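Here's the letter readout for the chains.
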Amino acid sequence: MKDGWLYDAIMEVIEPELTEQSIGTLDGTYRSESKDAHAKRMARYDRAFAAFDDVLTSLGAGMIEKTRAQGRGKKAAVHKQEEKERGATLSKLEQDLDSSLS
Amino acid sequence: MHSEPLHTFGRMLSDSLFREARMLREVPAEGPRNAAEKVEAERFMENYRKRKGEATRVEERLKTLREAHPDDPELGRDRVRGEARRLAAERSLSRNFSALGYPKNLTDKYVTNIAQTHNIAFGLRGSSLVVTRAKLDDVNSALDDMQALTVEFKNRGLQRIESAYGAVTPLNRGKRETVTVDEHNRQYAERVKEAELGDMVIKALSDCRAHFTKYDGTNFRNSVNDPTWIADNPERYREVAMQAFKQDPENIKYFDETVFPEEDLHRIILQQLNRNSSFILHVPNKWRDKYNDAYRLAVTSYAGETGDPALLETLRTSDWGPDDVGLKFIITKIVARDLSLLDQLNTRCRFYVDSEGGMGNVVRELLTKDEVLKNENILDMVIAKRMTFEAVESADPGYGRSTSFEGVLEKIYAVQPGAAMKYLMFFPQERLSEEGDEEVRQLFEKIAADNPKVMEKFIVDYNPKTVLTKYPALLRFAPANLKNKFSVTRELAKTSPWALFNLSDTLCQKLDAPGTAKEKEDRSNYEKLVLKAFEGAKKADFETALTLYGIQRKYLVIHMPNVWNTIREDVKKAVWRNDKAKELNEFFEGK
Numbered sequence: 000m001k002d003g004w005l006y007d008a009i010m011e012v013i014e015p016e017l018t019e020q021s022i023g024t025l026d027g028t029y030r031s032e033s034k035d036a037h038a039k040r041m042a043r044y045d046r047a048f049a050a051f052d053d054v055l056t057s058l059g060a061g062m063i064e065k066t067r068a069q070g071r072g073k074k075a076a077v078h079k080q081e082e083k084e085r086g087a088t089l090s091k092l093e094q095d096l097d098s099s100l101s
Numbered sequence: 000m001h002s003e004p005l006h007t008f009g010r011m012l013s014d015s016l017f018r019e020a021r022m023l024r025e026v027p028a029e030g031p032r033n034a035a036e037k038v039e040a041e042r043f044m045e046n047y048r049k050r051k052g053e054a055t056r057v058e059e060r061l062k063t064l065r066e067a068h069p070d071d072p073e074l075g076r077d078r079v080r081g082e083a084r085r086l087a088a089e090r091s092l093s094r095n096f097s098a099l100g101y102p103k104n105l106t107d108k109y110v111t112n113i114a115q116t117h118n119i120a121f122g123l124r125g126s127s128l129v130v131t132r133a134k135l136d137d138v139n140s141a142l143d144d145m146q147a148l149t150v151e152f153k154n155r156g157l158q159r160i161e162s163a164y165g166a167v168t169p170l171n172r173g174k175r176e177t178v179t180v181d182e183h184n185r186q187y188a189e190r191v192k193e194a195e196l197g198d199m200v201i202k203a204l205s206d207c208r209a210h211f212t213k214y215d216g217t218n219f220r221n222s223v224n225d226p227t228w229i230a231d232n233p234e235r236y237r238e239v240a241m242q243a244f245k246q247d248p249e250n251i252k253y254f255d256e257t258v259f260p261e262e263d264l265h266r267i268i269l270q271q272l273n274r275n276s277s278f279i280l281h282v283p284n285k286w287r288d289k290y291n292d293a294y295r296l297a298v299t300s301y302a303g304e305t306g307d308p309a310l311l312e313t314l315r316t317s318d319w320g321p322d323d324v325g326l327k328f329i330i331t332k333i334v335a336r337d338l339s340l341l342d343q344l345n346t347r348c349r350f351y352v353d354s355e356g357g358m359g360n361v362v363r364e365l366l367t368k369d370e371v372l373k374n375e376n377i378l379d380m381v382i383a384k385r386m387t388f389e390a391v392e393s394a395d396p397g398y399g400r401s402t403s404f405e406g407v408l409e410k411i412y413a414v415q416p417g418a419a420m421k422y423l424m425f426f427p428q429e430r431l432s433e434e435g436d437e438e439v440r441q442l443f444e445k446i447a448a449d450n451p452k453v454m455e456k457f458i459v460d461y462n463p464k465t466v467l468t469k470y471p472a473l474l475r476f477a478p479a480n481l482k483n484k485f486s487v488t489r490e491l492a493k494t495s496p497w498a499l500f501n502l503s504d505t506l507c508q509k510l511d512a513p514g515t516a517k518e519k520e521d522r523s524n525y526e527k528l529v530l531k532a533f534e535g536a537k538k539a540d541f542e543t544a545l546t547l548y549g550i551q552r553k554y555l556v557i558h559m560p561n562v563w564n565t566i567r568e569d570v571k572k573a574v575w576r577n578d579k580a581k582e583l584n585e586f587f588e589g590k
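Protein sequences appear in the order of chains Z and D.
Under numbering that gives the first Met the number 0, think of the first position of the first sequence as 0, with each following residue one higher.
Under numbering that gives the first Met the number 0, think of the first position of the second sequence as 0, with each following residue one higher.
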């Protein structure tokens with residue numbers, strides 16, 4: 000996939016006419032369009048751009064959240080492991096101490 | 000409609016915008032007609048550029064995240080693309096339905112409900128309803144449901160038509176509700192719209208099902224080349240992949256691990272390995288690190304069961320070290336099954352053969368097997384390829400004599416004495432001056448004493464000069480027809496002064512008391528040869544020559560005083576040059 004793929008991936012679902020490839024053909028497609036039809040179409044495009052914004056925001060937030068969650072998971076695993084190791088060491092030290100005092 | 004376009008995007012765009020967008024194919028000659036159109040076109044392009052730029056920034060952030068988390072499949076492009084499409088479909092749903100004139104309550108009722116009930120997502124692409132993120136079963140059940148509902152809508156709609164011409168019929172007979180004709184018609188129109196919507200949903204579901212069923216187990220491999228489809232239908236992809244896997248486990252090499260969760264892959268591989276260890280031949284190399292223990296176990300088990308030579312190819316990329324017991328076991332099993340493969344190990348298992356001790360482990364193991372020892376061709380191959388000596392010597396020295404070089408040699412000798420001696424000829428020259436040399440020498444002498452005929456034949460067949468150069472003591476086992484020992488001696492003098500001195504003990508015992516003129520001449524000739532050998536050794540390696548004096552001093556003093564006196568002069572001259580010579584001189588002079 001070349002750079003710029005994300006825009007088209009989203010837009011081809013929301014409004015195929017606004018994908019990078021299709022947007023250049025609008026001129027020919029709507030050459031005989033009436034004013035009313037044109038206004039409606041532009042309104043549709045506005046809604047499509049707004050929908051695009053929603054999707055992109057959700058996508059970015061989702062990605063970051065996923066990554067953070069993964070990081071949190073890894074961190075927790077390391078903490079757990081360290082705790083386990085330290086716990087074993089401390090327990091051994093305590094045992095040694097007890098036996099040396101008794 | 001206008002006879003000519005009032006405005007188009009192309010006409011509205013300024014030249015600079017036009018170039019920047021790089022998308023309109025035709026540049027209208029007249030340009031934007033008026034300021035309002037131009038402003039609208041610029042606003043449109045601004046909207047486009049803004050979204051394009053934001054999408055690119057998210058892509059870059061994704062790239063950075065991917066670099067930071069290379070193992071996270073969630074950040075793969077196809078995965079993100081699928082997620083983007085899913086979100087887009089969901090977000091566009093309500094907007095586009097209202098744009099098509101469907102009241103929100105209908106959308107909620109017939110589309111959203113269906114989506115929620117059947118765990119599928121709907122969206123509109125242009126004016127087409129599409130379904131994403133669903134399992135085939137869910138699509139099928141939703142389709143059944145919608146078809147039933149639509150039929151019902153249509154039937155109820157027809158009732159309204161009939162009733163519209165007669166008395167007002169309650170919409171709900173149970174409630175005996177009375178409605179006006181207008182209201183009746185409005186409800187009818189709504190029913191028709193409901194039915195249209197139902198048809199749209201049904202069509203979308205049908206299209207979705209067709210999309211889902213584009214691949215199945217039989218054409219699974221084609222789906223691998225269709226990443227868009229995989230990204231759109233990850234669950235269906237997994238279903239298809241598993242169908243294909245059941246048909247032929249080899250298909251696992253086509254699995255897309257970015258779609259299969261790691262634990263699923265692990266489980267599949269382990270289950271299959273437990274079922275059939277030959278499956279290991281199909282596990283892609285890229286996954287072996289992850290399943291290393293299971294992989295090793297399976298390879299070992301499979302090799303033990305079958306000795307399948309196909310494993311040699313699999314092992315080529317293995318990360319097993321040469322000292323790995325499992326690897327030795329596997330290769331030994333394979334080669335023992337088909338000894339001709341020994342010849343191929345060099346090329347097919349280069350990683351292993353080149354490793355220190357690697358081949359030695361295998362060869363040593365093989366050389367303890369009677370079927371190998373009895374096969375002279377195999378032994379010849381082993382010897383000719385020199386796979387044996389250094390390798391066996393370097394392999395697991397802790398095993399002790401029973402599996403050491405000498406131990407292996409004894410075993411070979413017990414089965415094929417001639418082969419054992421050929422094998423011995425590869426004993427490295429540098430070892431002759433070490434402790435091990437004595438063991439080998441003893442072994443050779445033992446062989447000769449046990450079986451002089453074999454030794455005699457070996458000396459003749461192998462090449463007397465080569466054998467005697469390396470082991471001069473064997474001259475006494477040379478056959479009777481090799482009587483002209485002086486010719487051998489002359490050859491030795493040219494090639495190996497060391498060997499010549501070793502020979503002297505044998506020869507000069509015979510020549511100590513020359514009686515006949517011939518014997519006197521022989522002795523004279525021999526003395527000349529010894530001196531010549533000394534001169535050769537001195538030129539080649541003065542250290543060696545001096546060492547020879549030390550070793551042979553008693554013999555020379557007693558048996559060849561003339562030679563000794565000559566050499567001693569040289570030693571004296573060498574004193575100032577060499578500590579070793581000084582030591583020797585002191586020793587000889589009795590200091």
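If you are wondering where the hints come from, they were derived from the structure by calculation, not from laboratory data.
Computed from a predicted structure; not experimentally measured.
Using N, Cα and C, we set each Cβ at its ideal position, and we do this for glycine too.
Do not take every clue at face value.
Residues on chain Z that point at chain D, a partial pick, calculated with CB under 7 Å [to be verified]: (1) Leu5; (2) Ile9; (3) Val12; (4) Ile13; (5) Phe48; (6) Phe51; (7) Ala60; (8) Glu64; (9) Ala68; (10) Ala75.
We went through each hint and held it up to the structure:
A cut of 7 Å between beta carbons decides the hint on Leu5(Z): the least distance to chain D is about 4 Å, and the hint holds. Annotation: interface hint on Ile9(Z) holds; nearest CB of chain D at approximately 5 Å, less than 7 Å. The interface hint given for Val12(Z) is met, as the beta carbon of that residue sits about 4 Å from the closest beta carbon of chain D, less than 7 Å. Given hint, Ile13(Z) at the interface with chain D, holds; its Cβ is 5 Å from that chain's nearest Cβ, closer than 7 Å.
The interface hint given for Phe48(Z) holds, since its Cβ lies 5 Å from the closest Cβ of chain D, which is under the 7 Å cut-off. The interface hint given for Phe51(Z) is met, as the beta carbon of that residue sits about 5 Å from the closest beta carbon of chain D, less than 7 Å. Among the interface hints, the one on Ala60(Z) is violated; its C-beta lies about 10 Å from the nearest C-beta in chain D, farther than the 7 Å criterion. Hint status for Glu64(Z) relative to chain D: violated, with the closest Cβ pair at about 10 Å, above 7 Å.
At its closest, the beta carbon of Ala68(Z) sits 10 Å from a beta carbon of chain D; the interface hint therefore is violated under the 7 Å criterion. Given hint, Ala75(Z) at the interface with chain D, is violated; its Cβ is 16 Å from that chain's nearest Cβ, farther than 7 Å.
The structure does not agree with the numbered hints 7, 8, 9, 10 stated previously, though it agrees with the rest.
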